[in-house]
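K.L.:
As you go down the protein sequences, you meet chains A and B in turn.
So that you can map any letter, position 345 of the first sequence is 345 in the working numbering, and since no number is skipped, the others follow by simple counting.
So that you can map any letter, position 48 of the second sequence is 48 in the working numbering, and since no number is skipped, the others follow by simple counting.
Heads up, a few of these hints could be off.
[Said to hold, decoys possible] Calculated lysine-lysine pairs in the DSBU-like style (CA-CA distance at most 30 Å, straight line):
id : chain 1 : residue 1 : chain 2 : residue 2
1  : A       : Lys-11    : B       : Lys-11
2  : B       : Lys-89    : A       : Lys-326
3  : A       : Lys-11    : B       : Lys-5
4  : B       : Lys-5     : A       : Lys-89
5  : B       : Lys-62    : A       : Lys-58
6  : A       : Lys-168   : B       : Lys-11
7  : A       : Lys-3     : B       : Lys-3
8  : A       : Lys-3     : B       : Lys-378
9  : A       : Lys-256   : B       : Lys-11
10 : B       : Lys-5     : A       : Lys-256
11 : A       : Lys-302   : B       : Lys-256
12 : A       : Lys-11    : B       : Lys-256
13 : B       : Lys-168   : A       : Lys-11
14 : B       : Lys-3     : A       : Lys-160
15 : A       : Lys-58    : B       : Lys-168
16 : A       : Lys-386   : B       : Lys-5
17 : A       : Lys-5     : B       : Lys-378
18 : B       : Lys-326   : A       : Lys-3
19 : B       : Lys-229   : A       : Lys-3
20 : A       : Lys-168   : B       : Lys-5
21 : B       : Lys-3     : A       : Lys-89
22 : A       : Lys-378   : B       : Lys-62
23 : B       : Lys-58    : A       : Lys-62
24 : A       : Lys-62    : B       : Lys-62
25 : A       : Lys-5     : B       : Lys-89
26 : B       : Lys-229   : A       : Lys-229
27 : B       : Lys-302   : B       : Lys-326
28 : B       : Lys-5     : A       : Lys-160
29 : A       : Lys-3     : B       : Lys-11
30 : B       : Lys-160   : A       : Lys-5
31 : A       : Lys-62    : B       : Lys-326
32 : A       : Lys-5     : B       : Lys-58
33 : A       : Lys-314   : A       : Lys-256
34 : A       : Lys-334   : A       : Lys-347
35 : B       : Lys-11    : A       : Lys-229
[Said to hold, decoys possible] To be clear about the criterion: a stretch of chain A counts as covered by chain B if any three or more of its residues have a C-beta under 8 Å from a C-beta of chain B, and this derived list gives those stretches:
id : stretch
36 : 63-72
37 : 127-136
38 : 216-227
39 : 274-284
No lab work stands behind these hints, which were simulated from the structure alone.
From the three backbone atoms N, C-alpha and C, an ideal C-beta is built for every residue, glycine too.
Below are the chains, spelled out letter by letter.
Protein chains: 2
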Amino acid sequence: MYKNKLARRVKQMENGELAGLMGLIDRDDIISFAGGIPDECIFPHEQLCEITESLFEKLGSKVFQYSSTEGNRELREYLVDFLAERGIKTSFDELIITTGSQQGLDLVSKIFIDPGDIVFTEKPGYVGGIGAIKSYEAELIGIDMESDGINVEQLETELKRCSFEGRKAKFIYLVPDYSNPSGIRLSLEKRIRILELAEEYDFYILEDTPYSELTYYHETIPYIKALDKNRRVILMGTFSKFFIPGLRVAWICAEKELIDVFSRAKQNADLASNSFGQFLLTEAGRRGLLDEQLQRVLPYYKERMEAMDRALNKYMPEEVSWFDVKGGFFYWLKLPSNVTGRELFRKAIERRVAFVTGNSFFPVDSDGDNYIRLSFSKTPVDDIDKGIERLAGLIRDF
Amino acid sequence: MYKNKLARRVKQMENGELAGLMGLIDRDDIISFAGGIPDECIFPHEQLCEITESLFEKLGSKVFQYSSTEGNRELREYLVDFLAERGIKTSFDELIITTGSQQGLDLVSKIFIDPGDIVFTEKPGYVGGIGAIKSYEAELIGIDMESDGINVEQLETELKRCSFEGRKAKFIYLVPDYSNPSGIRLSLEKRIRILELAEEYDFYILEDTPYSELTYYHETIPYIKALDKNRRVILMGTFSKFFIPGLRVAWICAEKELIDVFSRAKQNADLASNSFGQFLLTEAGRRGLLDEQLQRVLPYYKERMEAMDRALNKYMPEEVSWFDVKGGFFYWLKLPSNVTGRELFRKAIERRVAFVTGNSFFPVDSDGDNYIRLSFSKTPVDDIDKGIERLAGLIRDF
Numbered sequence: 001m002y003k004n005k006l007a008r009r010v011k012q013m014e015n016g017e018l019a020g021l022m023g024l025i026d027r028d029d030i031i032s033f034a035g036g037i038p039d040e041c042i043f044p045h046e047q048l049c050e051i052t053e054s055l056f057e058k059l060g061s062k063v064f065q066y067s068s069t070e071g072n073r074e075l076r077e078y079l080v081d082f083l084a085e086r087g088i089k090t091s092f093d094e095l096i097i098t099t100g101s102q103q104g105l106d107l108v109s110k111i112f113i114d115p116g117d118i119v120f121t122e123k124p125g126y127v128g129g130i131g132a133i134k135s136y137e138a139e140l141i142g143i144d145m146e147s148d149g150i151n152v153e154q155l156e157t158e159l160k161r162c163s164f165e166g167r168k169a170k171f172i173y174l175v176p177d178y179s180n181p182s183g184i185r186l187s188l189e190k191r192i193r194i195l196e197l198a199e200e201y202d203f204y205i206l207e208d209t210p211y212s213e214l215t216y217y218h219e220t221i222p223y224i225k226a227l228d229k230n231r232r233v234i235l236m237g238t239f240s241k242f243f244i245p246g247l248r249v250a251w252i253c254a255e256k257e258l259i260d261v262f263s264r265a266k267q268n269a270d271l272a273s274n275s276f277g278q279f280l281l282t283e284a285g286r287r288g289l290l291d292e293q294l295q296r297v298l299p300y301y302k303e304r305m306e307a308m309d310r311a312l313n314k315y316m317p318e319e320v321s322w323f324d325v326k327g328g329f330f331y332w333l334k335l336p337s338n339v340t341g342r343e344l345f346r347k348a349i350e351r352r353v354a355f356v357t358g359n360s361f362f363p364v365d366s367d368g369d370n371y372i373r374l375s376f377s378k379t380p381v382d383d384i385d386k387g388i389e390r391l392a393g394l395i396r397d398f
Numbered sequence: 001m002y003k004n005k006l007a008r009r010v011k012q013m014e015n016g017e018l019a020g021l022m023g024l025i026d027r028d029d030i031i032s033f034a035g036g037i038p039d040e041c042i043f044p045h046e047q048l049c050e051i052t053e054s055l056f057e058k059l060g061s062k063v064f065q066y067s068s069t070e071g072n073r074e075l076r077e078y079l080v081d082f083l084a085e086r087g088i089k090t091s092f093d094e095l096i097i098t099t100g101s102q103q104g105l106d107l108v109s110k111i112f113i114d115p116g117d118i119v120f121t122e123k124p125g126y127v128g129g130i131g132a133i134k135s136y137e138a139e140l141i142g143i144d145m146e147s148d149g150i151n152v153e154q155l156e157t158e159l160k161r162c163s164f165e166g167r168k169a170k171f172i173y174l175v176p177d178y179s180n181p182s183g184i185r186l187s188l189e190k191r192i193r194i195l196e197l198a199e200e201y202d203f204y205i206l207e208d209t210p211y212s213e214l215t216y217y218h219e220t221i222p223y224i225k226a227l228d229k230n231r232r233v234i235l236m237g238t239f240s241k242f243f244i245p246g247l248r249v250a251w252i253c254a255e256k257e258l259i260d261v262f263s264r265a266k267q268n269a270d271l272a273s274n275s276f277g278q279f280l281l282t283e284a285g286r287r288g289l290l291d292e293q294l295q296r297v298l299p300y301y302k303e304r305m306e307a308m309d310r311a312l313n314k315y316m317p318e319e320v321s322w323f324d325v326k327g328g329f330f331y332w333l334k335l336p337s338n339v340t341g342r343e344l345f346r347k348a349i350e351r352r353v354a355f356v357t358g359n360s361f362f363p364v365d366s367d368g369d370n371y372i373r374l375s376f377s378k379t380p381v382d383d384i385d386k387g388i389e390r391l392a393g394l395i396r397d398f
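Bound-form chain A, shown alone (with noise of 0.2 Å):
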């Protein structure tokens, strides 16, 4: 009964498959790169149990009431100061408070796409941004992964082809440093250079930054935001990789004008976020937990991300190929032809070892075929060498 009711944008919002594999690769006895997501062990977990009370004792039953659509005074202030750190001068009312990223992925989808609307995005992209752009049903075009971020000639190559067909792009979304699922960061060169092509071209740049703060070398790149002179760029942060996820707490920056936007749709998609999540990090920002958080993150991850990329190194076969990563969680891997993602998994599950498989990480679902995403966030140093070494073995096998 219900299909001839479903909207057309459903059609846009199918992921059937990654969620059937998703529900093999948390069980204890897989060893899994699948997750991507921040390990709990590290989380601070005495230091949220003291805050938490402190909140409970200072602030009462107002932990428990509804918040503003815009979120906690305190903690868009606190976002200020972290913003000005890093090179980006803001005000708290170009702040809003959004239930993560995705939210804010939804939020921007929501307020800029009518059905046809042309999008840019990075290819391989991240799953979850492709998701929200796609079930506003835009014409979402990739573009492709090089070792230093996107492809610009092809970026300038599309939008003088969108230009001559008299169609415009609405924004572009990128994960600038060390993209989900590539690990690529964006040289200093094209993030000048996309921010030129906006101005000529007349689009928005989405800037989302879950990894930005990962980076295990200490390299330094702006942000595109903070290179910005012309408000071009609409950023997006999380508190969810670095810190933890589980409060759904995360922001975006821009122009007041679109703020108060971004505001009303949020007002239609939840009302507001969640209050106590969003006392807890103002008290973490305001201890300086969330600056000392980072610090412990930072070798904790290091040490995976060498592993991995020692035991990729040590035994992978020849015909497989990856891009060097410096930060975030993730690998992205590029099999021998006659390997496709897909089967790779069916055996590796009966080997007890998990990831995902490329395809969703497309625009396009079959472009990813030969691809794999591995992530080493939640393996242990060990384990990552275990798994790896089987693996491998698996694609030699074929």
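Given chain A, put chain B in place with the hints provided.
P.N.:
Structure of chain B alone, referenced to chain A:
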């Protein structure tokens, strides 16, 4: 720059006036009947602190890790029992946790509505429902409220008209129990009739039940879902009004195939709801605190409702009328024909009393000029008397 890039649907999201008014109503020196939110003074603070502490101990850092998209399984199992007590037989996989009921409204609208699709709702009806539905560009048709719920003859006439035009409604949005803003409860006869019409004209019923538990004279009318033999009802429920709202945890109950579609839509919307809130509610349910709290809030809000009833009868001029109220948070007042809600609001603020003007509760904004909504949930009994006296004086002055 941003204006020429916004999606068409943003035009449907304008509510600048309401937001502007809302800025005024949280001042301490004002007697406010505006909020329509539960009173944090009655939240079970001590017990919530205790539960939190025990969760931190029992679950450790899992409390701060991502949840699944469908939500905590134990919480859904608790809801199965909760609904069974209310005559609704369901199972955990017919439930999905949402980030507040507002997200439920957004997801239902997103998966069903293509631009121009017909949706019915109460007139006056909940502003957040109207907002979500309009934001997906539905043609929203309001059905007049009578003292026992929507006018079902009018609904049938509209259904016939649509059918004659070759168009079908996707769903009707109802708050059957003590609706916001009217305070009206839908009669059993009308519930049955609407189910028949849903079958005859092939549409869904979106049953939103934030106030269903807040029945101050223990009137028992079954949920529409409990009368539903043909899976016509999508049921939404929340802990926000009778327990605490700041966690942003609510739920949708529907056939499994629809839950799968909601799950894909939610993945794009915010990945998952916050984990802490879900764990806290699960444990509160398990310990019987939800039931206990319901017994505490019923006399608390009933006293305020009766105070408002007394004050209205005592002070209001004869030309002001309202529906009888037996549950929920609201009174809906029709003003004398020479008084508009907006004019009254401006004078009321000067006299330090606030409410919400009627316009935002109508699909077409200009329809509510002569109405105002009064909420008694956050206002102490003495202030209710004082505030209504002031308001009545102002109305007489016109």
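K.L.:
For each hint given before, does the structure comply? Return the numbers of the non-compliant ones in rising order.
P.N.:
2, 7, 8, 11, 15, 16, 17, 18, 26, 32, 33, 38
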